[in-house]
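Join the two chains, each given in its own frame, into one complex according to the hints.
Line by line, the protein sequences are chains V and B. Adding 601 to a residue's 1-based position in the first sequence gives its number in the working numbering. Adding 12 to a residue's 1-based position in the second sequence gives its number in the working numbering.
It should be emphasised that the hints constitute simulated quantities derived from the structure, not laboratory data. Please note that a few of the clues may not be correct.
Derived lysine to any residue pairs resembling SDA-like cross-links, with alpha carbons at most 25 Å apart [what the hints assert, rightly or not]: (1) B/Lys-27 - V/Asn-1218; (2) V/Lys-614 - V/Ser-948; (3) V/Lys-1069 - V/Ser-806; (4) B/Lys-105 - V/Arg-1127; (5) B/Lys-213 - V/Phe-1097; (6) B/Lys-105 - V/Ile-1110; (7) B/Lys-213 - V/Val-1096; (8) V/Lys-1272 - B/Ile-45; (9) B/Lys-105 - V/Ser-991; (10) V/Lys-954 - V/Asp-848; (11) V/Lys-1125 - B/Phe-36; (12) V/Lys-1202 - V/Glu-1213; (13) V/Lys-968 - B/Gly-73; (14) B/Lys-213 - V/Val-807; (15) V/Lys-1272 - B/Phe-36.
Here are the in silico distance ranges between beta carbons for each label pair [unchecked claim]: (16) V/Glu-1264 - B/His-16: 13 to 23 Å; (17) V/Leu-665 - B/Asn-26: 25 to 35 Å; (18) V/Thr-1271 - B/Lys-327: 34 to 44 Å; (19) V/Glu-1117 - B/Gly-62: 50 to 60 Å; (20) V/Lys-1048 - B/His-16: 47 to 57 Å.
Source: prediction; values computed, not measured. All C-beta atoms in this analysis are idealised placements derived from N, C-alpha and C, irrespective of residue type, glycine included.
One-letter residues, chain by chain:
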Amino acid sequence: MKESVNQPVNHPKDKPWLMRTYSGYASASESNRLYRSNLSKGQTGLSIAFDLPTQTGYDSDHVLARGEVGKLGVPMRNIEDMETLFDGIPIEKMNTSMTINAPTAWLLALYLSTAEKQGADISMLRGTTQNDILKEYLSRGTYIFPPQPSMRLTAETISFTVNRIPNWNPINICSYHLQETGATPVQEIAFTMANAITVLDTVRSVGDIKPEVFPEVVGRISFFLNAGIRFIEEMCKVRVFTKMWDDICRTRYGVADPKLRRFRYGVQVNSLGLTDQQPENNIARIIYEFLGVVLSKNARARSVQLPAWNEALGLPRKWDQQWSLRLQQIMAFETDLLEYGDIFEGSTVISKKEVELEEAARAELDKIMEMGGAITALETGYMKRSLVESNARRLCAIETGDRTVVGINQFKESEPSLLVQGMEDSFLTVDESVEIEQLVLLEEFKKQRNKDKAMASLDKLKEALFKKENIMDASLACARNGVTTGEWSDALRAVFGEYRAPTGISGVITGDASGEKTLAVNQKVRNIGLALGRNIKMLVGKPGLDGHSNGAEQVAVKARDVGMDVVYEGIRMTPEQIAESAMQEGAHVVGLSILSGSHLKLVPEVIRAMRERGLENVPVVLGGIIPKADYEKMDQNIIRRVYAPKDYDLNKIMDEIANIVAEANGIDLTK
Amino acid sequence: MKHHISISDVLLGNKMAVARALNFLENRRPEEIGRVSELIEQLSRNPRPGRHIIGITGPPGVGKSSLISRMIGEYRNQNQTIGVISVDPSSRKSGGALLGDRARINWDPTDPGVFIRSMAAGRHLGGLAWRTRHLMTVFEAAYDVILLETVGVGQSETEIDEVVDTVVFVVQPGSGDSLQFMKAGIMEIPHILVINKADQKALAQKALNDLEAVKSLGWMDKSGWQPGIVMTSALEGWGQEELLTRLKAHQDHLISSDDNQRRRHNRISWILLLYRERFGSFGMETLGGEENILRLIEQVDIGNPFYGLCRLTEKLRDTLRSSNSGIIHERT
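Just chain B, same shape as in the assembly (with noise of 0.2 Å):
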């Protein structure tokens, strides 16, 4: 049976196509993976061809929310589209999640040309929800500039970073720790750094030096990009059009110097994170690691992440059957 989404409405930003095709990815029942698959193959081959990926990452309080609000209203000057994916954890006890960064931005019902969708993160740790990841493949051809924003210091930033291309890190005036982790090498150096509510300006500048004396430790990531710091006041409502000049410098740098390497890299530790999802230690043993997993990644076609799933089920298959183990019980 074939999945029901019109590719060629979610292309056009359709927003009805694009929610009923968020949905369907979401879904996560066994039996629906072979029409998951078929609808990420053809979404992952159409992707916007300009689109830049941007995660907003940080300490909770800090106007993620509001900065996104004035983004948006940026990118919509620019005649640019949007899609904002925003991931809130869930109670463990429950399951269930408060959803309430919607609440936060500010945006137009009758604007055809942004949609936002909340997620809630389930029990999976890392700062992403399980579908992240399927859902941006629907944003990724649907919009011009897609904005995925998570809560999280430290540990959580690190798998934002296998999604997006470019990092922004969000800090208000006079909270030192995300300094304190950033010095002490704890958190991943992030693309843009934002000291936002700048409006406080003894504080915000008091940030700023500090900020500057960790740069000049020598912040350089391994494709040379330096990173940036940019003062915004989503309260007054300035400092975005810079931010967005900076993500564009970025944007650009990726371009010319990166070769789409981040790119690929980021669609590699997808099609492990499936793997792992269904085949847990067990596989990743099997295949020898982590490492040896990543190098016959490297080897397979990663347009479609099921398809490298699909190749490393069966070397999976192959392995067990040549190491006479027995029989496999697969996981569905």
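For reference, chain V alone in the conformation it holds in the complex (with noise of 0.2 Å):
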């Protein structure tokens, strides 16, 4: 806080934040060709997305990963994909960012296997995973173990990564997401100091730390926030942040230094509230957000990517990017923002705002401290049904006009969108193709390597799970002998076990009940209830490996709002999974909801699994970002109708879904 509010304008500048871009790719061949394409302009710093099975702990042969293989990123299933991945690409001198979680510390073994070939010094590698597993279970959904041994392995790579690769930052613990899933401020303040508590009482108490190493630990933890609409709440949010941490690390942690002590974040702007409806209008709201984060000097994020002004609409072109990127450069180098110090310094409506903001996320904080911590709080489901219903009010509040949106639900009547004309067809699409190369490649891997030493290395990787050792220099020995991403993964799938996480609908309140429009579809509901015999069944599904499961959630607990009985078992379900459960409950309809864009290969396999159980005039509705063309695939004798997420309207999507249930049972409403 040296600097002070009068400083000259012509004040040296301060350095502009980080700008970055967030791409994922088909295939490691594919994604090295154009990781050295953009190094060849200069770019030195590289972020790797890995397709969902390998987030999951699958090889590209399971029946989970059908329909997923390269599609929102790259398959990454053995040491020899990650000597693909940066063949030519001389690891020693990148800066490498991995989004992956549960199976962190074997992408980081694969990682460091590929260095040591290469012949580089482990002990300079710089890079970052992301490894915050508890966000995953709320919200992003690629967790495999429950969360007390997930914590441990998180504890274990940090742990290592402190003692042998120093640069390296271990964990980026993620708001971003929780805010995503309709996380208020408070919440994601409060759910993230929890959290960060968690993993560092957790490296405390089980790694293999010195006591005077532990600031280093402290400092090495990093943040990934979201910022929203409301920008001023935004950029008092990220200042409770800052002081909040910068207490916590002194008081619960006893670190000294200052510098060790900074909350270091960075930021990708809010999707959630893009718009298909007027797109351009996106370009406003980007900003805006982006403003959030910037403005308050001593506040300021550290590095930000901003979404493409059309992300709703589909995956994003070069130009669309380009554009976002231009927002941050004017930002950065044509305004004068970065020559004042904090200008909110001494402000009295900013301190008070961050006052309230700061006794709410305490108390929120204490709450659930109190109830044993941050993986209590998780476990007993308490955390992902506080999000629920804070998205089911931020979208009530939407639907009834409470909040503006606009072009949602104020100035609706636009001129037709000049910038939307023929994008349809340009959009970026992944060949199906890849999938089957991709499983080629694997099988010939599984023969070429050496069986018995890769089975041994399993084998000593149990050993030091049972033993509770660090499994890092295990799971290095499986990377080098040819061990794949599903068989690591099992093997600690067998130790640890499987975890479904609480979908957080049950016991959810919602304030919506008795409006008038519910009510109206209430009574329909119960009216065709009378005339089957029974109240409405309703299924919904998450076939796939994709988890967000925002939408399926607020469908689930709308039906419930409506009168229907709804049957929800999370996400990652398997298509027989669905189609079982679909016969077994009795279900009326069921809702499908994909957004991974995998539909077309998953949606086929749930209908003839649905036949195989005589289930043929059971109607199935879909949700996601699902292309008309692609619809047009579809059978729409069985998939009546589909939903995107601009629609937003849940009291009209349940009348439809009502009114779809009577025709498929001859019941006729107007009797």
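Given below as structure tokens:
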């Protein structure tokens, strides 16, 4: 806080934040080509997105991987894939960021083994592993093991890197995904702080870290935040984050060096509030959200990535991404923002808001700590339920008009948008043949490797697991000896078990159940129930590995509020499981939610599995980003309706679903 | 018109047939009562001989579903088939329900020996749903072991006790309420008490000591069964074998000492419930109150509860005629 407000305008400018773009590609060789082309243009950092099977610890040939291989990132099954990815790229010189969580130890092992092969000095490597498991249970969905052992893995990778790769950022704690799930600023702060405390407490209790090094561990923790449209409040949020973190580091962990207590964070601004309707308006939203995290110097983000204006419509093109990058460059280089100290110092309005947020966040954090900390609050479903409730309230406020969203519930009339014309065909799509190629490569690899050696190192890994030793060394040996991602993860599954996170929907209280529209749909649902002889029963299913469950959760809760009996089993179900549940439960209608883009693969499989069980007359509705051309390829006698994220009017959706059930059962609603 | 369910397929445990039978029996339209009665007649004349009906109850959050998950695995290891009915409360406002238990149970869609059905309690009080008993007849005909899961503490256990052979009450360490209820006699004593999450060692030991203390006050039901206490950890996956051993012991106890009285009693209470559902307090009063009606049911064939209901209906008609109280408006 040395800087004062009264700096001369010609004061040397502050260094701007890092401007990032995030992207993922189909295969290791394809991505390698792209990385090399970017590097030749002067880029120094790499950001790797892995495909969903890799993130959830499956090889490409696992049943759950169907339709997901290479979709949202690189498939990474073994050391050969990693070597291909870094072919001709000197790892030693790279700063590599990996979006990986549950199997962080494994991907890090693959990365380090590849670096070793290249002759690099491991201790000099730089990079970041996301390694934040808590938000996976709450939002992103790529968890594998139960929370306790997952925390142990996190702690082990942290102590390994602190001791052996001192410049590595072992964990990037994310509140980003919590906001995408509907978290309020208070929840964001409290949940994230509780998460960070759990991580550090675990490292302290199980890690092999000397007490005098512990402040260094604290200093290596970084954060990844989100910024929403209420940008004044968001700015106050990041200021409170900064203040509370400093406080926790000092009081709980006794960190004396202020540099190690700094709240280091990167930001991606909110995608949740972007709209399909009049999508050009999103540019304004992105700029205001961005303002919230750069305006205040004392709490300024260290790196920022902005979404593309048309993200809600499909995968953005290069030009769309360039536009977002230009917004940052204008802010940093054209405006005078970086010429001043913190412009809010001394503002009574801002500090009042800060106090308000901080008090509420501290109260919430205390509540969680009293429950027993982040893991208990997670396992009991408290955290997830709170988020589902917040999101339900947000949607309800938009529906009732209490919260204005331009182009959605206000100022809806629009000239035809000149920007979206002809856009449908120009979107990037992933070629379906990618999956087959990857299966062949995997099979080849398994044939070529020394199987005995691979199995022997797997046994060593299991031994380390049982003895509760740090598994990094055993994992490195596995990587070198040709173990695959699926095999490594299975070894851990056998010891830790698999986890199904609370869905958060049971016991959710919504304020909306007595709205006029809701009551009207409720009456219809009751009438249909009387005619059917039992309540309408709806099964909400999320097939595949996609963990984005907001839509499914909100549909499930709303269906309950209009009087349906709802079965929702959470994420990551196979088509067989969904069809089997629909049969065992006697569902009248099935709602599927698929946001990973795998609908053309998964939907027909669900339909086939339902047919095999005699459910050909049970209608299905589909939610997700489904291009019209794709819908036309589906069996429309069964897939009765498709809903996009822009269909925010849940009462209307429920009314239509009730009509579909009535029609499928020969019920005449006019009688 | 006859119902369209293949009884032989249900008896073989064909899942599609089981599902169809369940959907049909859940149907509450009055015009279906004849066919529903017919199906129940056929099913309840053909139950699996060695079936064991187990109720799992306890406060929310103690890990009942994860425990059931482990029990399913264990029963499948013993080659027993298993049907699960899981009852969740309904929203009083909308009448809808979120049926979330299935999400917490691990099951394999290709396993022909496991069937899980969720039910919403609707406006029915007592912890079960209106049609739980109906659906049980399907499971009793199709599976070796039937698990009935309900949420509740205190009052709502009474009803589960009238439906199952063995009541298992699940608690977790550190929650004293259930123990207090039991000590105070508010809650019925279950046949088996499970301390789940016993991986929390110190707390679990304390809970065990508390329970042993209550037990020493003299627990024993009228059939002479001494409730047992089992520690389990659904998380770490131990204790379920012991639980199954205890369950078997109680089943054996019922066979050797109870002479089927418990099931007979349960059947009678079902008939009483059907009667009450149909004729309400008016019907109850006309036939001289609950005790009197129970005596009447004792005298009729209870193989099919709907026959029992018919006999009571006739009795009601006779009573009304003889007491010349006028016209009866039978509720349909």
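Problem - Restraint status (C-alpha distance of V/Lys-1125 to B/Phe-36 at most 25 Å) - result: Roughly 22 Å between the alpha carbons, so the hint for V/Lys-1125 and B/Phe-36 holds.
Problem - Pairwise hint evaluation, V/Ser-806 against V/Lys-1069, where the allowed Cα distance is 25 Å at most - result: OK: V/Lys-1069 and V/Ser-806 at ~13 Å, within 25 Å.
Practice task
Mind checking the alpha carbons of V/Lys-1272 and B/Ile-45 for me, to see if they're no more than 25 Å apart?
Solution key: Holds. V/Lys-1272 to B/Ile-45 sits at ~23 Å (cutoff 25 Å).
Exercise for the section: With a cut-off of 25 Å on the C-alpha distance, tell me whether B/Lys-105 and V/Arg-1127 pass. Expected result: 12 Å, holds
Exercise for the section: Could you tell me whether the CB distance from V/Glu-1264 to B/His-16 stays inside 13 to 23 Å? Expected result: 22 Å, holds
Problem - V/Lys-614 paired with V/Ser-948 [C-alpha distance capped at 25 Å] - result: Given that 25 Å is the threshold and the Cα spacing comes to 23 Å, the pair holds.
Handout entry: Supplied distance hint 34 to 44 Å, evaluated on CB atoms of V/Thr-1271 and B/Lys-327
Key = 43 Å, holds
Practice task
Please test the hint of 25 to 35 Å on the beta carbon pair from V/Leu-665 and B/Asn-26.
Solution key: The hinted range 25 to 35 Å holds for V/Leu-665 and B/Asn-26, with Cβ atoms some 27 Å apart.
Practice task
Mind checking the alpha carbons of B/Lys-213 and V/Phe-1097 for me, to see if they're no more than 25 Å apart?
Solution key: 19 Å, holds
Exercise for the section: Hint says 50 to 60 Å; check whether the CB-CB distance for V/Glu-1117 and B/Gly-62 agrees. Expected result: 55 Å, holds
Exercise for the section: Would you check the hint for B/Lys-105 and V/Ile-1110, treating anything up to 25 Å between C-alpha atoms as holding? Expected result: Since the Cα atoms of B/Lys-105 and V/Ile-1110 sit roughly 12 Å apart, the hinted pair holds (cutoff 25 Å).
Problem - Distance restraint hint 47 to 57 Å, applied to the beta-carbon atoms of V/Lys-1048 and B/His-16 - result: Given a distance of about 53 Å, which is inside 47 to 57 Å, the answer is holds.
Violation of the numbered hints given earlier is absent; every hint is satisfied by the structure.
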